[in-house]
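Could you put the whole structure together from the sequences, leaning on the hints where they help?
Going by our numbering, the first residue of the sequence shown is number 2, and it counts up by one from there.
Simulated from the structure, these hints should not be mistaken for lab results. Do not take every clue at face value.
[Claimed, not checked] Below, computed lysine-lysine pairings styled on BS3-like, alpha-carbon distance capped at 25 Å:
id, residue 1, residue 2
1, Lys336, Lys252
2, Lys119, Lys70
3, Lys253, Lys233
4, Lys233, Lys119
5, Lys253, Lys382
6, Lys259, Lys189
7, Lys253, Lys159
8, Lys70, Lys259
9, Lys119, Lys336
10, Lys382, Lys195
11, Lys159, Lys189
12, Lys253, Lys195
13, Lys233, Lys189
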Amino acid sequence: MKNAGLDTSKLRFPEEGVVEQHVHLGGAVPIHRLFEAAVDRGIRLPVTSFSEFSNLLHRRRDNSGSLEKYLEIYEVAERIQSGPRALRESVLIALNGAARTQGATTVSLDGEALTPLKAQLPIKALELRFNPMKRNSGGIWDLDRVMLAACSGVSEVKTAYKGTLQAGLIICLGRDLPMDQNRVLAEKSARWAKEGLPVVGIDLAGPESANTLEDPRALEEMSELYELAGPKVGRTVHCGETRAVNLETFKKTLTGLKADRVGHPLVVARSYWEDGDPSGLEFLREHNIVAELCVVSNLLTGAVEDIDTYGRLLNLFDEFGVRYTFSTDAPALQKTTLASELQLLLDAGAASPEQLEASFETAADSSFLPDPKSKKRKRSKSRWAGHVQA
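Printed below as a string of structure tokens:
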């Protein structure tokens, strides 16, 4: 029997509220704001009209279908968001948008939540991720100044919301970047976190086919960079989303990088369903690695075939004791909210309220953000999480 929708009055939430862990800055600024910023700054675009621009950036099934196609327009957003002023503004817009609309199932064309406040998800924290190297216009902008601008945006929002919205930044290394550029990002991530900037995690993102890390030398190099990022940041990695990464490479990657969380680890389900191999699922459970799931994004890229398959995925994870969280990945480009994506699961009978509640607890447990409560929750950690220091 299908659920009637997201009735928040019947859901239990952690004391900290709902934490969203997996949101990319490139996909978190509304399309019309990106267009206005491009016009204001004289940035050359691949199209001439707003309708063409909106059609180009809006991620839909007909213009996605694979991870590579899904990601191909991110360069446009990254170019518009480049430079200290543009990046600070983008962070402000993304965080304000999360606080304003991510808990609502419906949003007006003006960007206002149409869902009554009492029926909204209590979004209280957001981990926002991006690649600073893709926001400095090929070296025109100083990387430290770019990062400082992003951090100032986080600090301003936290101050404005009087502690009711927590936020932090996850620095993405790039599978599609040269190793020397990734090394710079890793070294600077360690320094930024040590200096007290709101850098809370490190990630590896980009097309998996660009660098699968199947080559032991490539994995060793990336492992070294994760170590360079230092003990003050949590570790996550995009891995196993596509067939470019096989199960053995998946397990070796998470082991080599000592990952606390993993984005879109669909390879473990494919290996079980197609080959009867449960080792990936058992690996995640045994190492207490949390799966970061993004419902609409996974459907758009074809990583998950359909919503019914998503239900099978969640039940499989539950069966094997794999913990998971839900996030939107790119809410502005998909024109979704966290609440609307969870409602999609409920309406299709793909998830139960109990599964959503468990995901909220998992997100709070495994967040990289400092615990704002004076009475701190005992955060769960991966088996190798001794690398993280408070």
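Verification of the supplied hints:
With a CA separation close to 33 Å, the supplied pair Lys336 and Lys252 exceeds the 25 Å bound. Restraint check for Lys119 and Lys70: the C-alpha separation of about 38 Å exceeds 25 Å, so the hint is violated. Between Lys253 and Lys233 the alpha-carbon distance is near 23 Å, which keeps this suggested pair within the 25 Å criterion. About 36 Å separates the Cα atoms of Lys233 and Lys119, which puts this hinted pair outside 25 Å; it is violated.
About 19 Å separates the Cα atoms of Lys253 and Lys382, which keeps this hinted pair within 25 Å; it holds. Between Lys259 and Lys189 the alpha-carbon distance is near 19 Å, which keeps this suggested pair within the 25 Å criterion. Proposed proximity of Lys253 and Lys159 is contradicted: the alpha carbons are some 38 Å apart, above 25 Å. A threshold of 25 Å between alpha carbons decides the hint, and for Lys70 with Lys259 the separation of about 29 Å lies outside it, so the pair is violated.
Using a Cα cut-off of 25 Å, the hinted pair Lys119 and Lys336 holds, with the two alpha carbons roughly 22 Å apart. Only pairs whose Cα atoms come within 25 Å are accepted, and Lys382 paired with Lys195 is accepted, the gap being roughly 21 Å. Distance check on the hinted pair: Lys159 and Lys189 sit about 23 Å apart at the alpha-carbon level, within 25 Å; holds. For the suggested pair Lys253 and Lys195, the alpha carbons sit about 29 Å apart, so the restraint of at most 25 Å is broken.
For the hint pairing Lys233 with Lys189, the CA-to-CA distance comes to about 12 Å; that is within 25 Å, so the pair holds.
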